[in-house]
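*Asks:* So you can see what is in the structure, the chains are spelled out below.
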Amino acid sequence: MSVTDLEPYTTEDGREIGSVVMEMKNITLRFGGVVAIKDISFDIRQGEIRAIIGPNGAGKSSMLNVISGFYTPSEGQVWYQGQPRPTMKPFEIARQGVARTFQNIALFEGMSTLDNIMTGRLTHMKSSIFSQGLWWGKAQREEAEHREVVEKVIDFLEIQNIRKTPVGRLPYGLKKRVELARALAAEPQILLLDEPMAGMNVEEKEDMSRFILDVNDEFGTTIALIEHDMGVVMDLSDRVVVMDYGKKIGDGTPDEVRNNQDVIDAYLGVAN
Amino acid sequence: MEFLKKLFVDPFVEMVSYPDFLMQVLWEGLVSGVLYSLIALGFVLIFRSSRIFNFAQGIMVVFAALTLVGFHAMGIPAWVSVVFTLGVMALLAITIERVVLRPLVGQPDIILFMATIGITLFLIGGGELIFGGETKRMITSDLGIPTGSVDFEPFGGLLILQHLDITSVAAAVVLVTSLLIFLNKTRMGRAIRALGDDHQAALSVGISLRTVWVLVWFIAGVIALMTGIFWGARAGVSFALEVIAYKALPVLMLGGLESITGAIVGGLAIGLLEKLFEIYWGQPLLGGGTETWFAFVLALIVLLFRPQGLFGEKIIERV
Amino acid sequence: MFYNTAGQFKTSYTKDQSLFPVKQDAILLGVVLLCAWIIFPMTASEFTFKTMLMPVLCYSLAALGLNVLTGFAGQLSLGTAAFMGVGAFACYKLITIFPEMNIIVAILLSGVFSSAVGVAFGLPSLRIKGFYLAIATLAAQFFLVWLFEKWHWLSNHNPSGAIEVPNIDMFGITVAGPHAAPVTQYYLILAIVTLITIVTINLTRGNQGRIWKATRDMDIAAELIGINLLKSKLTAFAVSSYIVGVAGACFVFLNLGAAEPNFFDIPLSFKILFIAIIGGLGSVMGNFMGAILIVALPVVIKFLPDAMGLEVNPATVEHLNIMTIGALIIFFLIIEPHGLARLWQLIREKLIIWPFPH
Numbered sequence: 001m002s003v004t005d006l007e008p009y010t011t012e013d014g015r016e017i018g019s020v021v022m023e024m025k026n027i028t029l030r031f032g033g034v035v036a037i038k039d040i041s042f043d044i045r046q047g048e049i050r051a052i053i054g055p056n057g058a059g060k061s062s063m064l065n066v067i068s069g070f071y072t073p074s075e076g077q078v079w080y081q082g083q084p085r086p087t088m089k090p091f092e093i094a095r096q097g098v099a100r101t102f103q104n105i106a107l108f109e110g111m112s113t114l115d116n117i118m119t120g121r122l123t124h125m126k127s128s129i130f131s132q133g134l135w136w137g138k139a140q141r142e143e144a145e146h147r148e149v150v151e152k153v154i155d156f157l158e159i160q161n162i163r164k165t166p167v168g169r170l171p172y173g174l175k176k177r178v179e180l181a182r183a184l185a186a187e188p189q190i191l192l193l194d195e196p197m198a199g200m201n202v203e204e205k206e207d208m209s210r211f212i213l214d215v216n217d218e219f220g221t222t223i224a225l226i227e228h229d230m231g232v233v234m235d236l237s238d239r240v241v242v243m244d245y246g247k248k249i250g251d252g253t254p255d256e257v258r259n260n261q262d263v264i265d266a267y268l269g270v271a272n
Numbered sequence: 001m002e003f004l005k006k007l008f009v010d011p012f013v014e015m016v017s018y019p020d021f022l023m024q025v026l027w028e029g030l031v032s033g034v035l036y037s038l039i040a041l042g043f044v045l046i047f048r049s050s051r052i053f054n055f056a057q058g059i060m061v062v063f064a065a066l067t068l069v070g071f072h073a074m075g076i077p078a079w080v081s082v083v084f085t086l087g088v089m090a091l092l093a094i095t096i097e098r099v100v101l102r103p104l105v106g107q108p109d110i111i112l113f114m115a116t117i118g119i120t121l122f123l124i125g126g127g128e129l130i131f132g133g134e135t136k137r138m139i140t141s142d143l144g145i146p147t148g149s150v151d152f153e154p155f156g157g158l159l160i161l162q163h164l165d166i167t168s169v170a171a172a173v174v175l176v177t178s179l180l181i182f183l184n185k186t187r188m189g190r191a192i193r194a195l196g197d198d199h200q201a202a203l204s205v206g207i208s209l210r211t212v213w214v215l216v217w218f219i220a221g222v223i224a225l226m227t228g229i230f231w232g233a234r235a236g237v238s239f240a241l242e243v244i245a246y247k248a249l250p251v252l253m254l255g256g257l258e259s260i261t262g263a264i265v266g267g268l269a270i271g272l273l274e275k276l277f278e279i280y281w282g283q284p285l286l287g288g289g290t291e292t293w294f295a296f297v298l299a300l301i302v303l304l305f306r307p308q309g310l311f312g313e314k315i316i317e318r319v
Numbered sequence: 001m002f003y004n005t006a007g008q009f010k011t012s013y014t015k016d017q018s019l020f021p022v023k024q025d026a027i028l029l030g031v032v033l034l035c036a037w038i039i040f041p042m043t044a045s046e047f048t049f050k051t052m053l054m055p056v057l058c059y060s061l062a063a064l065g066l067n068v069l070t071g072f073a074g075q076l077s078l079g080t081a082a083f084m085g086v087g088a089f090a091c092y093k094l095i096t097i098f099p100e101m102n103i104i105v106a107i108l109l110s111g112v113f114s115s116a117v118g119v120a121f122g123l124p125s126l127r128i129k130g131f132y133l134a135i136a137t138l139a140a141q142f143f144l145v146w147l148f149e150k151w152h153w154l155s156n157h158n159p160s161g162a163i164e165v166p167n168i169d170m171f172g173i174t175v176a177g178p179h180a181a182p183v184t185q186y187y188l189i190l191a192i193v194t195l196i197t198i199v200t201i202n203l204t205r206g207n208q209g210r211i212w213k214a215t216r217d218m219d220i221a222a223e224l225i226g227i228n229l230l231k232s233k234l235t236a237f238a239v240s241s242y243i244v245g246v247a248g249a250c251f252v253f254l255n256l257g258a259a260e261p262n263f264f265d266i267p268l269s270f271k272i273l274f275i276a277i278i279g280g281l282g283s284v285m286g287n288f289m290g291a292i293l294i295v296a297l298p299v300v301i302k303f304l305p306d307a308m309g310l311e312v313n314p315a316t317v318e319h320l321n322i323m324t325i326g327a328l329i330i331f332f333l334i335i336e337p338h339g340l341a342r343l344w345q346l347i348r349e350k351l352i353i354w355p356f357p358h
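Protein chains in written order, with the numbering used here: chain R, 1 to 272; chain S, 1 to 319; chain Y, 1 to 358.
Hints may contain errors.
Restraint-style ranges between C-beta atoms, simulated for each label pair [as the list claims (entries may be wrong)]:
hint, chain 1, residue 1, chain 2, residue 2, range
1, R, N26, S, K6, 50 to 60 Å
2, S, A170, R, D39, 34 to 44 Å
3, Y, W344, R, G168, 31 to 41 Å
4, Y, A315, S, H199, 42 to 52 Å
5, R, G57, S, V16, 29 to 39 Å
6, Y, G309, S, H199, 50 to 60 Å
7, Y, Y13, S, I111, 30 to 40 Å
8, R, Q83, Y, K350, 13 to 23 Å
9, S, V173, Y, G130, 47 to 57 Å
10, S, V16, R, S74, 27 to 37 Å
11, Y, V32, S, V243, 39 to 49 Å
12, Y, K350, R, D155, 24 to 34 Å
13, R, D39, S, F305, 50 to 60 Å
No more than 25 Å apart at the CA atoms, straight line, and that leaves these computed lysine to any residue pairs for SDA-like [what the hints assert, rightly or not]:
hint, chain 1, residue 1, chain 2, residue 2
14, Y, K23, R, R163
15, R, K247, R, M230
16, Y, K231, R, R163
17, R, K247, R, E12
18, R, K164, R, M125
19, Y, K10, R, L134
20, Y, K150, S, E258
21, Y, K231, R, K247
22, R, K138, R, V78
23, R, K175, R, R147
24, Y, K23, R, L134
25, Y, K231, Y, R205
26, R, K38, R, M200
27, R, K247, R, E92
28, Y, K231, R, K38
29, R, K205, R, N216
30, Y, K15, R, M230
31, R, K164, Y, D219
32, R, K89, Y, P178
33, Y, K271, S, E134
34, R, K89, Y, K129
35, Y, K10, Y, N228
36, Y, K50, Y, K129
Derived list of chain Y stretches under chain S, where covered just means 3 residues or more per stretch with a C-beta under 8 Å from a C-beta of chain S [stated by the list, open to error]:
hint, stretch
37, 92-103
38, 121-131
39, 244-256
40, 319-326
Hints in this document: simulated from the structure, not taken from any laboratory. Don't be surprised by glycine CBs; every beta carbon is placed ideally from N, CA and C.
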């Protein structure tokens with residue numbers, strides 16, 4: 001089966017992969033004279049796990065930042081749900097259903113785990129500031145309703161016992177999990193994971209992989225992730241984009257990518 | 001229409017018609033500017049080497065001046081008093097490092113900033129307790145600072161330059177030059193700059209944080225003493241002087257918290273502009289007294305268009 | 001033992017999110033409220049009302065306002081006093097222009113004006129951050145106090161620029177001005193403070209509170225998860241300046257009776273800032289603890305030498321007072337950077353498991 005087909009299909013393990021939901025068209029990103037991303041195009045399909053890999057400094061994080069709207073591409077465009085996405089603020093993009101985690105954990109250290117995950121719901125919360133001030137009617141109901149959604153996420157990621165712990169006190173692995181919980185609580189259309197496995201030991205990596213697969217499987221969430229660890233990525237993802245020096249050098253199923261000469265060269269080095 | 005004329009035409013007509021007066025205004029603005037630059041400089045040094053937004057810098061000016069006058073009042077010769085005062089400033093630097101900074105290492109910036117407000121209050125209370133609250137005369141002539149004036153007659157008008165002001169500008173130039181030489185040519189100076197660029201890296205190559213801190217606070221104290229002498233000579237020595245400390249803040253906004261050039265240029269610019277504004281716009285149109293806020297509003301407007309200040313580098317945000 | 005939370009179960013999210021999930025907290029607050037509403041008014045002298053109880057409440061309210069901005073939303077402000085001034089002057093103009101207006105309504109409305117001015121000075125906060133913003137708020141401080149002095153319309157053309165509160169009646173009782181009874185004024189302030197405190201607690205524990213805290217803790221991440229930073233910061237400026245303005249109006253109209261423009265100068269701003277810091281940034285109750293400390297301190301410093309039979313002149317007391325506040329700030333920052341509120345929380349945590357610490 002070829003991955004360039006745009007028809008929906010079902011994977012071997014029975015997941016539905018739909019049509020293209022987001023497409024990068026000839027993205028170039030420059031900082032002054034430095035070119036971080038050079039003319040890259042690829043797409044993300046509904047329900048798949050899409051990985052972006054590449055050696056250090058390949059421009060993976062910059063790519064993710066373009067997708068989440070933190071950087072505006074110098075050239076090219078991001079298409080989302082069949083429409084070119086106009087230049088907008090990151091918070092507006094988040095409201096369109098794009099949630100993400102961060103390479104260097106970006107939790108709100110002054111809040112409890114529960115409150116951190118509740119912030120994931122804020123794009124769905126609508127009560128006015130006056131109603132909240134009185135803690136009456138809509139505001140109170142809303143708080144309880146969203147708490148229910150958050151509790152489901154908490155159950156799903158098995159972090160019930162740290163619900164009311166300030167996140168500052170949590171160990172690294174748990175912090176990563178809380179961050180995932182916060183992104184999940186937003187019930188995103190596309191979930192972006194920035195090196196979800198960075199700095200973890202084997203056991204934690206296995207846990208995280210399981211959660212990623214479960215999220216994709218149970219909620220059908222489209223996931224785009226950046227990862228260093230080739231092994232993990234190949235096992236997890238449906239399709240992989242490989243970047244090197246800001247350019248795309250490979251795109252396809254894990255098997256295709258594994259056998260791509262350019263990719264092998266980039267990772268192992270070329271004798272010349 | 002009438003108002004617009006007053007706003008955009010009259011001041012300039014005034015400037016051109018009385019160029020000697022304009023020069024006088026500019027000169028006085030420049031002298032204030034030099035002193036603002038000095039305070040801002042002490043501030044930048046501390047910020048660069050320790051990330052501390054030292055609110056106490058202005059109070060140190062007053063405290064140094066009061067100490068100097070206090071020693072002299074005890075019958076100690078003027079220059080010996082200066083040496084003693086330097087001793088007190090060194091002691092202050094050591095105490096602050098030991099009692100305040102060391103226990104607070106690694107706390108968030110805002111906490112350290114608050115701590116310097118604590119130091120400010122402590123010095124105000126302590127200073128008034130020891131020296132009393134009334135205004136004192138700076139021992140200008142005892143220090144051998146000339147007090148007369150030079151008169152020029154440009155364009156048939158009159159321009160009066162106080163010897164005191166000329167001396168303070170000259171002394172400031174000497175102080176800044178020697179400071180720059182110290183920072184660029186000596187081992188210790190380079191250590192200070194290294195610490196400003198990267199704390200951890202500086203520590204790992206064997207630069208002692210504590211020594212550097214004591215040193216920069218002492219240098220800030222020396223700058224404070226000098227500013228105190230010259231400002232005190234013009235306005236008398238009392239805690240009312242602390243208003244000039246606030247003036248250093250918009251200078252920092254304008255010049256950037258870390259830029260030595262910024263402190264100097266920003267200080268001069270603010271000194272000049274606020275004087276011009278007060279004389280030609282503030283007094284005729286707004287009832288005067290605009291010097292309290294002009295610098296702040298100016299800095300605010302500049303920052304709206306250049307958030308990194310005039311001399312700061314553009315920040316690329318990362319996640 | 002007294003703070004045992006075992007056996008207190010919650011069966012719904014609404015209950016778990018109630019104001020005091022732990023019963024003992026509610027009881028403790030009840031005791032405090034009882035003191036404030038009944039015991040103090042019955043026992044306090046006129047002097048105590050005027051110089052201690054009412055200032056504590058007004059300072060607490062102002063610090064609460066500042067805390068919304070600095071403690072919750074993370075935007076450092078050094079211009080609090082100026083916004084108190086806006087509230088006080090706005091209230092003065094309101095009752096001059098509409099003499100029939102109820103004083104409570106006037107005070108609550110005057111906050112709207114300070115809120116608007118606060119938002120105007122908060123606009124740069126999206127581009128200017130951290131210390132630069134703090135200095136920018138000083139622009140508000142210096143500019144507004146200058147304006148109070150120069151714009152004589154504000155003080156009804158009083159040459160000194162001062163405002164003097166006339167006698168104001170409400171339902172036949174004099175509540176403001178030289179003839180008002182302190183106990184009536186105390187109750188009015190207490191009512192306003194209680195109301196605003198409850199609303200603030202609600203705001204800070206709900207969605208808006210999370211938005212502010214997210215902005216404070218990590219603004220970049222906050223924006224990427226969907227927070228409109230400008231809106232978040234501006235609501236913080238609006239709510240904060242509203243509370244601060246009401247505090248200023250209360251202070252002048254119900255406690256001091258008169259104020260000159262330079263009353264709202266920078267020392268008052270710092271005083272409020274200390275209360276917020278010593279009480280604890282990001283806490284509501286801490287403001288009250290901080291205010292009590294700041295008001296009580298000069299009394300203690302004055303009282304101690306008296307008790308030991310030493311003669312100390314008032315100026316010395318004032319200087320010692322400033323010095324002690326300075327030292328206390330440093331002391332508290334070293335001992336517990338998060339203030340009295342955190343200290344209380346630590347004690348509470350210990351109490352919950354007392355007497356079995358494991």
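*Asks:* For this structure, which hints from the list above don't hold up?
*Replies:* Of the numbered hints, 2, 3, 5, 8, 9, 10, 13, 16, 17, 20, 21, 22, 26, 27, 28, 30, 32, 35, 36, 37 and 39 do not hold.
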